[in-house]
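K.L.:
Each protein sequence line maps, in turn, to chains A and B. Anchor point for the first sequence: position 232 equals 232 in my numbering, and the numbering is continuous, going up by one each time. In short: position in the second sequence from 1, add 290, done, that's my numbering.
Treat each hint with caution, since some may be false.
[Stated by the list, open to error] Okay, derived cross-link-like pairs now, DSS-like style, lysine-lysine, Cα gap no bigger than 27 Å in a straight line:
| # | chain 1 | residue 1 | chain 2 | residue 2 |
| --- | --- | --- | --- | --- |
| 1 | B | Lys542 | A | Lys179 |
| 2 | B | Lys448 | A | Lys9 |
| 3 | A | Lys122 | B | Lys364 |
[Said to hold, decoys possible] Pairwise CB distance ranges, derived in the manner of DEER restraints:
| # | chain 1 | residue 1 | chain 2 | residue 2 | range |
| --- | --- | --- | --- | --- | --- |
| 4 | B | Ile378 | A | Lys179 | 29 to 37 Å |
| 5 | B | Phe382 | A | Thr151 | 45 to 53 Å |
| 6 | B | Val549 | A | Arg119 | 14 to 22 Å |
| 7 | B | Asp395 | A | Arg119 | 50 to 58 Å |
| 8 | A | Arg119 | B | Ile415 | 24 to 32 Å |
Honestly, the hints are just simulated from the structure, not real lab data. The structure displayed is predicted, hence computed values, not measured ones. For each residue, glycine too, the CB sits at the ideal point set by N, CA and C.
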Amino acid sequence: MKSVMRLAKVNFTKVTILGLLALALVSFTPWIHSGLEPDVTSSSGAVKWLPIHTTGHILGTEGQGRDMLAVLIVSIRNSLILGSIAVLVSVVLGGTFGILLGYILNRGPLERILLFVARIVKSIPLLMWIFLLVFWTEVLSSIIPFLESETVRMPWVFGLLGMIYSFNLALFLRGHIKKLKASQFIEACEALGLKKSTIIFRHIIWHCSKDLFGNQASYIFVQCILLEITLSFHAIGYGYSPNSLSLGSLFDRAVFERPMSQHMYMPLLAAFLLTLLFSIMAQRFGRRLG
Amino acid sequence: MSMNRLFSLALMGARVVLLAFIVALIIRVLSFIPLSMAYEDVEWSDLYQIEFYSHIYNDTIPGFVGSALWVTLKLVLIAWALSIGLAIMFVFLKSRYERLSFLWDTVLTVSDIHVFGLFVIIQNITSFRVPYILLVVILTLGSGSLKEMVLSFHSVYKDVVRKEYWRFMYSQGIHPVRIGFAELLVRFTELSFTKLPILLIGSILVEAASNTLGLGYYLLDVLRSLENNRVDLNILTGISFTLILLVLLSQKIAEYVRVTFDPQLQL
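Please construct the entire structure, taking both the sequences and the accompanying hints into account.
P.N.:
Structure below.
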């Protein structure tokens, strides 16, 4: 047992990623789907919040009679999907901009334009950005019906958030590449006549910048989990609708119907643990990056 | 203070104001485009007629934003002072009682609880009337500024005590705080200013949850009003300008403190 724990500690990042992937896969199983069917137990047919350790429901049920564990697993999966979309957009765009700014463009007008745009984007706080993005999307949804459905709107908003965040990643990557560019091994690669694409993708990105990407991706996941809860809370009201399967809407519903109950703490605890895991991952990547 | 320094300070201030104004104008344009696409009665004059009067609140924008700014600044600055005080205390505890570091880290993980979660818990504990000082505590903990400050202060402290001059003077029997005081003061001040935007953003959430009439509360209110086709881009521009100006100012002050007072950079 001790050796397993030690192994998990050493390979914390891998174990966490595999665990979260397994959780996401589990959410597609028939058992979870059956748990999402409302369980109306009372004779009047009324829906109620069943407490922990009720027969057939380890964590009880939520307001609509759905199994709390199944709802939590699907909600975590949904948060991870939103985070993955933001990370994907951010890594692709941020990586491209970072390489352009750090390695390819040399003090040209394009570099100055990109830096100016990055500076403008960075001067607006992330939370303000997300409010503006949601507001623009809400306004546009009246003429683009495609955006009305929340299953499209939320990934769209988080994709845009990834785009905003890509400028942050680009600036970090730019600094990192500039530092690497001055190092001897890059000079050696260039002297050996290696192709630019090989130097960039194999030597700079794959061998030297993996941890930077990992650090930023973990950080984006943390932001996305917190932002989903923020947007879905009634005081903001821009996120998922109250009956959706998300940590934010589950927490918001519990705040209204069962304040300070175990049901209110469960989504909060799930979000807390997820955030903690990704924070630790970000710290580990950061430490490896030095 | 020499004239040159005063002039450079004024120039820096002007540049910050200009950049904040440009960004606020960009937000205005980007907000106008979807509004003009969605609503037929939105006219081009709404975009370029910059007025100092808000039709949503029937008030002058400088006066209205000024009063909201005062509410936000009060909340943020008290939380900032609390964060700095607690962070210094945590750094002291972490370095003095290193064996108990898991305990200090556990306390700091409270920051990973969502700010709304903290708010609801405290709201229920205090029977739905959250006292002002607890709002400050929620902002300090929930926004993550305390955790960020402790992490940065601690790494700076470790960095300073590793230096040769510090170790030499420590071996001569001088008190640890006295040795690195100048360097620690400068670097802590710089770091504190860089963490100010975290609190400013956190205040938006705290204000929204507690219905405190600050800039964050009004930002959300204005966006909702615009969504209901009560087009008044002036107030959005005013609030955006103020928030962005505060964020940029805190970043610039941090940079200025480092460049002007850091003993290492003065060598």
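K.L.:
Compare the structure with each hint and give your call.
P.N.:
Structure-based check of each hint:
{"no.": "1", "hint": "Lys542(B) to Lys179(A)", "in the structure": "holds (24 Å)"}
{"no.": "2", "hint": "Lys448(B) to Lys9(A)", "in the structure": "holds (25 Å)"}
{"no.": "3", "hint": "Lys122(A) to Lys364(B)", "in the structure": "holds (25 Å)"}
{"no.": "4", "hint": "Ile378(B) to Lys179(A): 29 to 37 Å", "in the structure": "holds (32 Å)"}
{"no.": "5", "hint": "Phe382(B) to Thr151(A): 45 to 53 Å", "in the structure": "holds (50 Å)"}
{"no.": "6", "hint": "Val549(B) to Arg119(A): 14 to 22 Å", "in the structure": "holds (18 Å)"}
{"no.": "7", "hint": "Asp395(B) to Arg119(A): 50 to 58 Å", "in the structure": "violated (35 Å)"}
{"no.": "8", "hint": "Arg119(A) to Ile415(B): 24 to 32 Å", "in the structure": "violated (43 Å)"}
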